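Student: Single-letter residue listing:
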Amino acid sequence: MKIVVCVKQVPDTSDIKWTENNTMVRDGVESIVNPFDEYAIETALRVKEANPGSTLTAVTMGPPQAKDVLKKAIAMGADDAILISDKKFAGSDTQATSRTLAKAIKEKIGDFDLIVCGQFAIDGDTAQTGPSIAKHLDIPQITYTKEVVNSSDSTLVAKREIEEGMQTIEMQLPGLICMVKCDYEPRRAPIKGVMKANRTEIPEFNMEEIGLEPEQVGIKGSPTYVSKAFRPPIREGGEKITADSPKELAEILLSKLKETKVLVS
Amino acid sequence: MDINSYKGICVVAEATSANKLTGVTWELIGAAKQLSEQLNGEEISVILISGNNDVNPLLKEISEAGAQKCYLAQDDKLAAYSTEYYAKIICDIVNAKKPSIMLFGASTTGRDLAPRISSELNTGLTADCTELGINEKGLLAATRPTFGGNLMATILCKSRPQMATVRPKVLARPEAHSSNNLEIEKINVKLDGVPLRTKILELAKSLSTACVTIEAAEINVSGGRGMKTAENFKILEDLAQALGGAVGASRAAVDAGWRGHCDQVGQTGKTVTPKLYIACGISGAIQHLAGMNASETIVAINKDPDAAIFDIATYGLVGDLFEVVPALTEAIKKEQLTAAI
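So the sequence lines, in the order shown, correspond to chains W and U.
FYI, in numbering that gives the first Met the number 0 the residues of the first sequence are 0 to 264.
FYI, in numbering that gives the first Met the number 0 the residues of the second sequence are 0 to 340.
None of these hints come from the bench; they were simulated from the model.
The model shown is predicted, which means the values in this text are computed figures rather than measured ones.
A couple of the hints might just be wrong.
Not close to chain U: a few residues of chain W, all C-beta gaps over 12 Å, as computed [unchecked claim]:
#1 G27
#2 K70
#3 D79
#4 K86
#5 R187
Label-pair ranges, simulated between beta-carbon atoms [stated by the list, open to error]:
#6 U:N39 with W:I251: 51 to 59 Å
#7 U:A17 with W:K246: 39 to 47 Å
#8 W:K105 with U:G256: 52 to 60 Å
#9 W:E29 with U:E295: 33 to 41 Å
#10 U:G256 with W:K246: 29 to 37 Å
#11 U:V193 with W:K105: 16 to 24 Å
#12 W:E203 with U:S178: 56 to 64 Å
#13 U:E236 with W:T167: 46 to 54 Å
#14 W:N197 with U:A78: 48 to 56 Å
Glycine included, every Cβ here is placed at the ideal spot set by N, Cα and C.
Looking at chain W on its own, in the form it has when it is part of the complex (with noise of 0.2 Å):
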């Protein structure tokens, strides 16, 4: 199987710092490899490992230093990688980033079975990516993907978490999936895949090696645009509640809950 994984290199949203302005600091934020997108990786490389003379490529999307998520994808276990990355990609929503990476897996790498991404970045949030890059290559997807349950150069089985329950659903390939955390850990990359890592050198490509046009990417190729970003209103605390027995405390408590009417006998 020719077997793809999407990875985005984020910021730590965990380290938040915000100027007096109420502007976010984005300087000094550390970078990391997407959460999910180590689920896609982690999963990725057990069917890559299910399906003996498998490859897997990580393709990412961003500027130079992204490379850094790259070569921990091939630290891990991925044979090579790809970077699309051009100033003209700059701004692009999700349409337009989705575009970008479907022409790129469909240029550079070509004949895939399968693509694997996270179902969501932790920075944008939107699970849109994985979705659309399905649409532009015209394959199906599973989102919500709890778990591959098992996979040939045909088909795959896979387990989605929804709000029903847990769905198996069976998908002809090639086809895309996003990946939710799983019940299992992402593996850590061996010092020997570490070496590999540095040795391998990842090709770059920009918007005219991929075949696309200047309206097609950035801001130019995105319907949407932020027009206002702002800091969320920051919840209020109330008041701290101390008693001198456990029964007390329970018993202010309620009374507080009944009084606002949040709890009635």
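Position chain U against the provided structure of chain W, taking the given hints into account.
Tutor: Same frame as chain W, now just chain U:
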């Protein structure tokens, strides 16, 4: 694209297995009414896709919620949700009827389907919105949290239709009004030649009750690192049961293996907006807050008086949860208290 030829607000309906509209479908129709008022009364339509079962209860609800028109697509092939068939039906309706705004629930189905449609139609889609409005130019202004809830962004769309998925239980549910004015247009379902490359093999409903109920529950009792063991969650289950609520967990508790991931509240788990959220032994990391800080009332129980959760809790109880929680459960049972509806 002649954007002036696009008019009206169209909601894509979802139904439950009990043949009722989902809560978010009601909320979307309510939002559509408000947007319509700001757009000189543009038409509010609903797309309902279904198998050949009785859709009359759903049509009645759609009418009561306030829609004026319903595009009804019925076929045996549409009895279960499939990305490819549903996307084809909706794209055909949009191309023929040209709504200016299209709203989907940010359910797993809505978030599976909407990006597929926006890419087919080559238009913009804003994900998981928590607020919708019309700006001074008459455009849909869709506001959503981003960067793990650290930043809010208001997004506009240059093309048509302007599409959005909307987070459940955030917008108000409209009051039901009886009305006989719903115009129903039956859609001629054309699926010949449309590939269906997925097949549902099984749905395990009872895998975990929390998976089903955690987002729907009006009361949520969640435990964190302070719970110490999986067995200790029993006291939270007792409290949740006494209140008719569900039990959730912080990432720390899930990572420790005490609860399954489908119980996880927070950035890499579920977003919940219950009427009452009781956080037990949860320190209040920003990622956890992102999943629950829109709850109406937040109670925090924690031994550490400096825990960050107290900064946002409506009522903060400083104490040992292993003593306070059972005391609460007992008092609730004694007074037979339940959530106000």
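Student: All the hints need checking, so say for each whether the structure fits it.
Tutor: Verification of the hints:
1. G27: With a cut-off of 12 Å, W:G27 remains clear of chain U, as the shortest Cβ separation is near 15 Å.
2. K70: holds (23 Å)
3. D79: Since the minimum Cβ distance to chain U is about 27 Å, W:D79 lies beyond 12 Å and the statement holds.
4. K86: holds (21 Å)
5. R187: W:R187 is indeed farther than 12 Å from all Cβ atoms of chain U, at 16 Å.
6. U:N39 with W:I251: 51 to 59 Å: holds (52 Å)
7. U:A17 with W:K246: 39 to 47 Å: holds (41 Å)
8. W:K105 with U:G256: 52 to 60 Å: violated (41 Å)
9. W:E29 with U:E295: 33 to 41 Å: Holds: the Cβ-Cβ distance is about 34 Å, inside 33 to 41 Å.
10. U:G256 with W:K246: 29 to 37 Å: holds (33 Å)
11. U:V193 with W:K105: 16 to 24 Å: Holds: the Cβ-Cβ distance is about 22 Å, inside 16 to 24 Å.
12. W:E203 with U:S178: 56 to 64 Å: holds (60 Å)
13. U:E236 with W:T167: 46 to 54 Å: violated (28 Å)
14. W:N197 with U:A78: 48 to 56 Å: 53 Å Cβ-Cβ, so the 48 to 56 Å window holds.
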